[in-house]
Amino acid sequence: MADDTIIRTRGLAKHYEVPIREAGLLASVRSITKRQHRTVRAVDGVDLDVARGEVVGFLGPNGAGKTTTLKMLSGLLHPSAGEISVLGHEPRRRDRAFLRRISLVMGQRQQLVWDLPAADSFLMIRSFYGLRHADWRAQLDELHDLLDLEGLTDKPVRQLSLGERMRCELAAGLLHRPELLFLDEPTLGLDVQSQRRVREFIRRYADRTGATALLTSHYMADIEALCERVVVIHHGTLHFDGSLRDLAARVSDRKLLAIRFAADAPILADRARLDRELAAIGEVRESDGAEYVIEVARAEIHDRVTQLMALGDVVDFTVEDEPLERVLERAFDTPAAELS
Amino acid sequence: MTARPATGSALGSPEPFDYAPAHRRLRSWLVAALAAARSEAQVGVQYRANLLLWGAVRLLQAVISIAVWRSVASANGGAAGGFTANEFAGYFLTVLLVLELTHTWVRGRLPTQIRTGELSPLLLRPMHPLLESFGRMGAFNVLLTIGLLPSIVILWFVFDAEVDVSAVSIIAGIVVLPLAAVGRFLVDALVGVTAFWLTRIDALQSLYTYASLVFAGQFAPLVLLPGPLQTAAKVLPFYWTLGFPVELLTGRCDLREAVIGVAMLTGWSAVLFVALALAWRRGVRAYGAVGA
Amino acid sequence: MRSALLEDLQYRANFWLYLVNALVELALSVATLGIVYGHVDAINGWTRDDLFVVLGTFFLLQTVVQGVVHPSVAQLVQDIRTGNFDHRLLKPVDAQLVSLVQRVDVWRLVGTLLGIGLTLYGLGHAGEWPSLAQVAVWALMIVAGTTIAAAFWSLVSSITFWTVQGEGILWTLDDMYEHVRWPLGIFPGALKVVLSTVFPLGLAVTVPAEALIGRLEWPFALAAVGLAVVLAAAARGAWLLAVRRYEGASA
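Which chain is which? The protein sequence lines are E, H and V, in order. Each residue of the first sequence is one higher than the one before, starting from 359 at the first, in the numbering used here. Each residue of the second sequence is one higher than the one before, starting from 802 at the first, in the numbering used here. Each residue of the third sequence is one higher than the one before, starting from 3 at the first, in the numbering used here.
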């Protein structure tokens, strides 16, 4: 559905020139007159299509180029090369018509005036975006509800906790009802409960409005809960683009066998033998008294389970996928050609 | 890879809100600048201790200038450069008033916003960051001037200040003051935008501060400067944004000088505006090139 | 200290800018004095040469204030905001002292040369070199002046613990310091007394210069020393209170 594609990039690249300087006092003094540079390829040829209504998760280790990509898509950074079209606009021009349809939420201290209650910032934003009072009011009421802002918007922002501030920040970023959201680490640094709240909010907001969202996150839970589609970026290039399940299937050929022996199992009395037997089955990932987690190859799972059961007196047993974090580590290590 | 259908809800359709048409843009800009001003006034009230100290420093500056030049006048037999001791007081208290009403901080704030990246979210709003600054500045200035007024009145009586004021000069001053505020803001912003290219601009900033101190008529009335400095001051923009309005308000300009002054102020503002617009555009491009 | 030095050396442009800055500042000083003394020979007995000596002291103290104290206190304010201040409190050195010298803006130290140069020029041009005793008193007064300035900054930074005034106040203080180029002595009697009480920095700059040119009035010298002691004590007290409050608030 070509007409539904709202983001399209071809060969998108961003290269930086960074000064290099040897450590030490002498080198510092020398650099006063002379300086050398080298090129860093933060993003190096990304082709991406996003359709209206999609929620896409950007994955990749620190410095992979996720944030750089988001900033280029929102118009903050100018690409070094490549084509880019977002909502029919060239983002770097930052047309008013474009800015009114998008929102970039990047962590703390963005939209809100630090020393004022969030309610005052909301009013100011209304004027900046030229929103009609009724529209603004309706959107604010809705966001109030979704983000549970009760009691938060009338004290100075600096007095709010990190999680509370993030919720107000999200409200500020969405007052103009953007159809395209860029969320850079929206849950970074929040406690588990606040993370869940923010996550649920994004989910519900996207569901209700049909807004398109691109987000980066360090927390797998965010990605698992929100994104049908993930894009893995590593060393500035696209490593994978597809569903999370596909990704796991492609990179992970491992399973985890979790087993618990009865407290009086004879095998537990002979530690040396137990260790030897388990090592022969697979790699022991965790051990805690009578409980063990063993990693085995997926293809061999049948034989390995039989071996494990033969040790006797098993009271609990499960087969699990690798945790998503591990899957990702593998994805980053796997060359792009093998993923797609 | 399927697009999720937009489900109907209280939040309504994903279509954006309606916005003011282009011909109403000026009005919406004014509304936005006023919103920024209101916000800044609220912040200012919270930081009143800083405001108080700031005001005290301003008064101190005026008092020192008055004291120095009164001493000069009395050592010189009662007057210097056509200013009596009491006229010096009138001059410098008016300088204080004009300085406060046209005060700007954009040369200090913009570099911080650039260095910390705080500028990024501002760039993504459909509101020019400089216009926002101008609005904020206006509120701050009005707030501060109101706060300083009682002290200025007291000092006026303590130093027995004298000005040759008429209804015409006051009206002219009121007309010229907003122009001066714009002019000063433009010069200031032009200093600030250099931070797009330079890592730290403290040195440039103090250069500017000193230049305006001498050439604007802040340190001494222009007539007291040696000839070449006077000529330089009449060419540079600083005098027209401060010394000229002050002389107009204190009744030291005739009609011809007033017309020339307004022309110079307007001309400089136009030149500076174009320069700023160009520098801003290039600067934001440089900012976007190195990592916003 | 060394790491602060290295950090600053990275801003290579600053070196050139500060050099230019120092020269501009020199030019401005000479120009302002030239403007004033183009109309008179002396104000309340203070000649142009005397004022060069005052300017010398001004630049010496300015180097300390803007090169060390201001960057350090700015760092402190930032640390309090970001929570890094907790680490400071856990280090086995006096946190207040560290908060006043933790950062050095190296290039600004160029101002020391300017200060010494102006002082020597003023003295030399007048042709009246001070006695050894005068130099000794000058050194003492410089210590008093530095203490006044540092304690004043520290006091204000402690106040930022209580209120949330932030860094803005530091800039205001810098601005205030800019106005102490004139010796209090040139002001008529009542104003002189008023200014030296409400404006301790003026006293800090005036007394050392007065010692060198031989017009030190002992009441003012004693006042300077007394003020240094009182301000240092007040700064210490305010710091301890502020830290206690900080610990209470973050616990």
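Hints in this document: simulated from the structure, not taken from any laboratory. The reader is advised that the hints may include incorrect statements.
[Said to hold, decoys possible] Here are some chain H residues the structure puts well away from chain V; computed CB gaps all over 10 Å:
(1) Ala850
(2) Val858
(3) Val869
(4) Asn877
(5) Asn887
(6) Trp957
(7) Asp961
(8) Leu980
(9) Arg1086
[Stated by the list, open to error] The calculated label-pair distances, taken between Cβ atoms and stated as ranges, are:
(10) E:Gly547 / H:Val976: 34 to 42 Å
(11) H:Arg828 / E:Pro681: 54 to 62 Å
(12) V:Leu115 / H:Pro1027: 22 to 30 Å
(13) H:Val976 / E:Arg368: 53 to 61 Å
[As the list claims (entries may be wrong)] Which residues of chain V face chain H? A partial, calculated answer using Cβ under 10 Å:
(14) Thr34
(15) His41
(16) Asp43
(17) Tyr123
(18) Pro190
(19) Val200
(20) Val245
None of these values were measured; they are calculated from a predicted model. Every residue gets a Cβ at the ideal spot worked out from N, C-alpha and C, and that includes glycine.
Structure-based check of each hint:
Separation of Ala850 of chain H from chain V is inadequate, the least Cβ-Cβ distance of about 5 Å not exceeding the 10 Å criterion. Val858 of chain H, annotated as away from the interface, has a beta carbon of chain V within 10 Å; the closest lies near 5 Å. Its closest Cβ contact with chain V, about 6 Å, brings Val869 of chain H to no more than 10 Å, contrary to its assignment away from the interface. For Asn877 of chain H, the condition that its CB be more than 10 Å from all CB atoms of chain V is violated, with the nearest at approximately 5 Å.
The claim that Asn887 of chain H lies off the interface holds: its Cβ sits roughly 15 Å from the closest Cβ of chain V, which is beyond the 10 Å cut-off. For Trp957 of chain H, the shortest C-beta to C-beta distance to chain V comes to about 16 Å, beyond the 10 Å cut-off, and the non-interface label holds. Once the 10 Å rule is applied to beta carbons, Asp961 of chain H is consistent with being away from chain V; the minimum gap is 14 Å. With a closest Cβ-Cβ approach of about 26 Å to chain V, Leu980 of chain H is found to remain outside the 10 Å limit, as its non-interface label requires.
The beta carbon of Arg1086 of chain H sits about 20 Å from the closest Cβ of chain V, which is more than 10 Å, so the claim that it is off the interface holds. Look at Gly547 of chain E against Val976 of chain H: about 52 Å separates their beta carbons, and that is not inside 34 to 42 Å. Range check, Arg828 of chain H to Pro681 of chain E: Cβ separation about 56 Å, and the 54 to 62 Å hint holds. Our hint of 22 to 30 Å for Leu115 of chain V and Pro1027 of chain H holds, since their Cβ atoms are close to 27 Å apart.
At roughly 56 Å, the beta-carbon separation of Val976 of chain H and Arg368 of chain E lies within the given 53 to 61 Å, and the hint holds. Residue-level restraint check for Thr34 of chain V holds (minimum Cβ-Cβ distance to chain H is 6 Å; threshold 10 Å). For His41 of chain V, the interface hint holds, the least distance from its beta-carbon to any beta-carbon of chain H being 5 Å, beneath 10 Å. Because the closest C-beta pair between Asp43 of chain V and chain H is about 8 Å apart, less than 10 Å, the hint holds.
For Tyr123 of chain V, the suggested interface contact is broken, since its CB lies about 20 Å from the closest CB of chain H, more than 10 Å. The restraint placing Pro190 of chain V at the interface with chain H holds, with a minimum CB-CB distance near 7 Å, inside the 10 Å limit. At a threshold of 10 Å, the smallest CB-CB gap from Val200 of chain V to chain H is about 8 Å, leaving the interface hint in force. Interface restraint check for Val245 of chain V: the shortest CB-CB distance to chain H comes to about 20 Å, outside 10 Å, so the restraint is violated.
Taken one by one, the earlier hints fail for this structure at numbers 1, 2, 3, 4, 10, 17 and 20, listed in ascending order.
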